[in-house]
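Please model the entire structure based on the sequences and the hints provided.
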Amino acid sequence: DAGVIQSPRHEVTEMGQEVTLRCKPISGHDYLFWYRQTMMRGLELLIYFNNNVPIDDSGMPEDRFSAKMPNASFSTLKIQPSEPRDSAVYFCASSGFWSGNTIYFGEGSWLTVV
Amino acid sequence: GESVGLHLPTLSVQEGDNSIINCAYSNSASDYFIWYKQESGKGPQFIIDIRSNMDKRQGQRVTVLLNKTVKHLSLQIAATQPGDSAVYFCAENIRGSQGNLIFGKGTKLSVKP
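Heads up: the protein sequence lines correspond to chains A and B, in order. Just so you know, we're using the working numbering here: the first sequence kicks off at 827 and counts up by one. Just so you know, we're using the working numbering here: the second sequence kicks off at 366 and counts up by one.
No lab work stands behind these hints: they were computed from the structure. There may be inaccurate statements among the hints.
[Said to hold, decoys possible] Label-pair restraints from in silico Cβ distances: (1) 444/B with 844/A: 42 to 52 Å; (2) 434/B with 834/A: 40 to 50 Å; (3) 876/A with 418/B: 22 to 32 Å; (4) 383/B with 890/A: 44 to 54 Å; (5) 876/A with 392/B: 50 to 60 Å.
[As the list claims (entries may be wrong)] Here are the simulated lysine-lysine pairs, DSS-like style, with alpha carbons at most 27 Å apart: (6) 433/B with 473/B; (7) 421/B with 433/B; (8) 904/A with 894/A; (9) 894/A with 407/B; (10) 904/A with 407/B; (11) 421/B with 473/B; (12) 473/B with 436/B; (13) 850/A with 894/A; (14) 433/B with 850/A.
[Stated by the list, open to error] Some chain A residues near chain B, calculated using beta-carbon distances under 8 Å: (15) 874; (16) 900; (17) 917; (18) 929; (19) 931; (20) 934.
Each residue gets a CB set at the ideal place from its N, CA and C atoms; glycine is no exception.
Have a look at this one:
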């Protein structure tokens with residue numbers, strides 16, 4: 827079975843540019859999570875959705891960050907405008923009833939803002 | 366097994382030895398715990414989980430122990446192999462918060478051949 831699929835795997839962009847990260851959750855999962863990982867702060871939950879509806883976005887750093895889930899098989903995380911401090915690995919993850927509370931992660935999108 | 370800032374605690378073991386990675390969790394309302402393994406350049410990978418009504422669970426070469434009295438979780442890896450080298454995270458789920466896991470900072474396991 828395909829796991830969580832993220833794109834792009836790597837992105838280098840200039841400060842001020844818009845960045846869009848994409849995610850396809852595991853089919854049948856009804857929860858989708860966006861995490862950010864840095865050396866200083868570890869894994870941080872940014873936002874999560876249940877049945878395509880945002881449930882908790884308290885982890886989103888500021889208004890420059892936005893996330894959408896237009897359907898059950900696709901989500902985006904957008905940063906506009908990007909800043910060097912946004913450089914991190916962004917993970918999408920999903921879970922479903924049949925998997926209990928186990929969250930399955932994608933391979934991550936490695937973002938560098940210069 | 367918790368870290369502050371840039372420095373992950375590191376456990377170095379000889380190939381074939383057993384490894385024990387520890388984790389202190391924070392919330393007495395947590396009812397579900399997971400261990401993840403993260404290899405360099407990859408996403409966290411599920412290893413084993415345990416619910417709060419248990420104190421031990423075994424998988425293939427791995428055992429998780431839960432001590433709710435002192436809010437402590439441990440991961441034991443038997444006959445550690447070079448492929449076990451990775452960063453290991455514990456995560457806790459607070460009762461009632463579906464899937465919203467709180468992650469520890471991680472422990473780096475280094476296996477010497």
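Tell me, in ascending order, the numbers of any earlier hints that this structure violates. Numbers 5, 14, 16 - these are the hints that the structure violates, sorted from lowest upward.
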